[in-house]
Amino acid sequence: MVEHNDDVNERLKNEIYGQPKIKPDEQRRYMGTFRERVWLTISIQEIQEQDWTTAFQKELQKHPDCLVIINGNLDDNYTSKYLAIANQLKVDFTIKTGSDIKTGADNLAIVLTDLKAVFANPVDIAKLYGQSDQDKHQSSKKHESFLQHLFHN
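Numbering (the working numbering), first residue to last: 384 to 536.
Hints should not be assumed to be uniformly reliable.
[Unchecked claim] Computed Cβ-Cβ distance ranges for the label pairs, DEER-style:
#, residue 1, residue 2, range
1, 404, 488, 22 to 30 Å
2, 466, 428, 48 to 56 Å
3, 392, 436, 30 to 38 Å
4, 505, 473, 33 to 41 Å
5, 431, 483, 14 to 22 Å
Keep in mind the hints are simulated off the structure, nothing from the lab. These figures come from a predicted structure and were not determined experimentally. Backbone N, C-alpha and C fix where the C-beta goes; we use that ideal spot for every residue, glycine too.
Full structure from sequences and hints, please.
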């Protein structure tokens, strides 16, 4: 009889408060998925500071069955290029909005995830790809002009 009451109490709690979530902080961080399912992340700061579309496209081509999760609370100016690439490559995507999807610099703008655990490491785009090609080209121009300045004076 006591066991039956525990089941009833558990069902009542679940109906009132909802099913308990596994790793809720992790699911909030990765916009509804688990870290072990993630192939790639782009933070809001990273997407605002430079263009990662080439690296993003490479990752989508490596993982064509992935799901792209996009932070819908961000301005479309930041995410529309990535959405267009996912659409062009026919990769599934979802746009998440709501109060639990944050827009701070450390929060995520884009997550490439799988349906199963992949245990990829690292997943941060800056750690995987470093500077974008465009930024490398600009920094080499700055370096050349410094050398030119040094030798021409």
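**Study point:** Broken hints, by number
**Key:** 2, 3 and 4
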